[in-house]
Amino acid sequence: MLAELTRSGNASALHSSGRAARRVVEESREEVAAALGARPGEVVLTGGGTESDNLAVKGLFWARHGEDPRRTRVLVSAVEHHGVLDPAHWLGEHPAGLGAQVEELPVDGEGRLRLDALRDAVERDPVSVALISVMWANNEVGTLQPVADVVELAARHGIPVHSDAVQAVGQVPVDFAASGLAALSFTGHKLGGTTGVGGLVLRRGTPLVPVLHGGGQEGGVRSGSVDAAAARGLAVATSAAVDSLAERALALRTLRDQLEAAVLAAVPDAVVRGAARAEDRLPGILHVTVPGAEGDALLYLLDARGVECSTGSACTAGVPQPSHVLRAMGLTDADAAGALRFSLGRTSTAADVALVGEVLGPVVERARTAGLALAGS
Numbered sequence: 000m001l002a003e004l005t006r007s008g009n010a011s012a013l014h015s016s017g018r019a020a021r022r023v024v025e026e027s028r029e030e031v032a033a034a035l036g037a038r039p040g041e042v043v044l045t046g047g048g049t050e051s052d053n054l055a056v057k058g059l060f061w062a063r064h065g066e067d068p069r070r071t072r073v074l075v076s077a078v079e080h081h082g083v084l085d086p087a088h089w090l091g092e093h094p095a096g097l098g099a100q101v102e103e104l105p106v107d108g109e110g111r112l113r114l115d116a117l118r119d120a121v122e123r124d125p126v127s128v129a130l131i132s133v134m135w136a137n138n139e140v141g142t143l144q145p146v147a148d149v150v151e152l153a154a155r156h157g158i159p160v161h162s163d164a165v166q167a168v169g170q171v172p173v174d175f176a177a178s179g180l181a182a183l184s185f186t187g188h189k190l191g192g193t194t195g196v197g198g199l200v201l202r203r204g205t206p207l208v209p210v211l212h213g214g215g216q217e218g219g220v221r222s223g224s225v226d227a228a229a230a231r232g233l234a235v236a237t238s239a240a241v242d243s244l245a246e247r248a249l250a251l252r253t254l255r256d257q258l259e260a261a262v263l264a265a266v267p268d269a270v271v272r273g274a275a276r277a278e279d280r281l282p283g284i285l286h287v288t289v290p291g292a293e294g295d296a297l298l299y300l301l302d303a304r305g306v307e308c309s310t311g312s313a314c315t316a317g318v319p320q321p322s323h324v325l326r327a328m329g330l331t332d333a334d335a336a337g338a339l340r341f342s343l344g345r346t347s348t349a350a351d352v353a354l355v356g357e358v359l360g361p362v363v364e365r366a367r368t369a370g371l372a373l374a375g376s
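The numbering of the sequence shown is numbering that gives the first Met the number 0, which starts it at 0 and goes up by one.
Errors might be hidden in some of the hints.
[To be verified] Restraint-style ranges between C-beta atoms, simulated for each label pair:
1) Pro145 x Arg123: 11 to 21 Å
2) Asn9 x Ala154: 37 to 47 Å
3) Thr5 x Ala33: 20 to 30 Å
4) Leu211 x Gly108: 31 to 41 Å
5) Asn9 x Arg38: 23 to 33 Å
Simulated from the structure, these hints should not be mistaken for laboratory data.
Yeah, the Cβ is synthetic: ideal placement off N, Cα and C, and Gly gets one too.
Please construct the entire structure, taking both the sequences and the accompanying hints into account.
Below, the structure is given as C-alpha cells:
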C-alpha cells in the first residue's frame with residue numbers, strides 16, 4: 000500500500016497513470032478472486048463489510064422485486080450482524096423498501112440457524128421470497144452456520160442466498176464457486192488488511208440494483224473512484240490469510256482451547272457460548288458469560304490489566320443493551336449481561352492466554368462486588 004500511495008492516477012482515467020492504476024486494481028481483483036474461489040469479474044470492491052452487506056440485501060431485493068412484485072419477503076437469521084439486519088429492516092420500514100416484509104428466523108441454543116424454521120418459512124409461500132441472508136459464521140459466539148444446507152433448500156425454489164462471510168474468510172475454508180451462493184461479503188480488516196476496504200462477491204448473472212450511482216465503476220454495481228492502494232492491500236492480505244489458513248487455524252484453535260481452560264479455571268461458573276463442538280466454532284473466538292457481573296465492568300477492568308476484549312460486536316460497542324445474538328439463543332437479559340468475547344489473531348501468544356488466566360479471577364471478583372454494591376445502593 001505504501002508503494003501504491005506514492006503513485007498518482009485514477010483507475011478510471013485513460014492516461015498512463017490511470018492505466019497503471021487500473022492494472023493494479025485488476026491484478027488485485029484477480030488475486031482476491033483466486034483466494035476466494037471466484038471469477039475476477041465477480042469481485043466488486045467496496046468500502047468494507049457493512050457496505051457489502053447493504054449492497055447485497057438492498058440490491059438483491061430491489062432487483063428481485065423489480066422482476067416480480069410478488070417477491071416481498073426477506074428471510075434473515077436472528078443472529079445476523081447489524082450490517083445485514085439493519086438494511087433488511089430499513090427496507091421494511093421505508094417507502095423505498097417497496098413493501099418488504101422482513102422475517103427473522105430462529106436459532107438454537109448454540110446460535111445455529113434452525114433449518115426446520117427456514118424450510119417452513121420458504122415452503123409457506125416460496126414465490127414471495129426475494130432473498131435469504133445467513134452469515135457464514137457468527138461474529139459474537141463463533142458458531143458456523145449451515146450455509147450449504149440453506150443454499151440447497153433455497154435452490155429448489157430459485158431463491159438467491161447471500162452470506163456475510165466477514166468473520167469466516169481466512170479462518171475457515173471459503174470457496175465461493177462451490178458454495179452456490181449468489182453473493183458473499185468480506186472485508187479487509189479481518190484479514191490483516193486495513194479498515195475501509197472490502198468486497199462483495201456476486202455470482203455472474205445475478206441481477207443487482209446499485210445502492211450508489213455515479214460514474215458506473217465496478218461494472219456499474221458500485222460507483223466511485225476505486226482506491227488502488229487499498230485494493231492492493233486487500234489482495235495481499237486476503238491471499239496471505241487464505242494461504243496460511245490451515246496452519247493459522249490450528250494455532251488459533253490450540254490457543255483458544257488453552258484460553259477456554261484458563262477462563263474456566265479462573266471462573267468455574269463461567270459458561271462458554273456457541274457451538275458445543277469446538278470444531279463447529281471459529282478457531283479464533285471464545286465467548287463466555289460470567290454470572291453476576293456486568294460485561295462492561297469486566298471489559299474495563301480487564302483493559303486496565305492489559306487484556307483487550309469485547310462484550311459483543313465492536314460495531315455496537317457502547318450500546319447499553321444485551322446482545323441480540325444471545326437473546327436469540329434463549330439467554331435472559333441477566334445472563335447476557337455478563338458476556339465477554341475474546342478474539343485471537345496472528346499476533347496472539349501463549350503469554351497472552353496466561354495473562355488472562357492470571358487476572359480474570361480477581362477482575363470477576365471485583366466486578367461482582369461492585370455490582371452487588373450498586374444493587375444495594
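* Just pull the numbers of the violated hints for me, sorted ascending. => none
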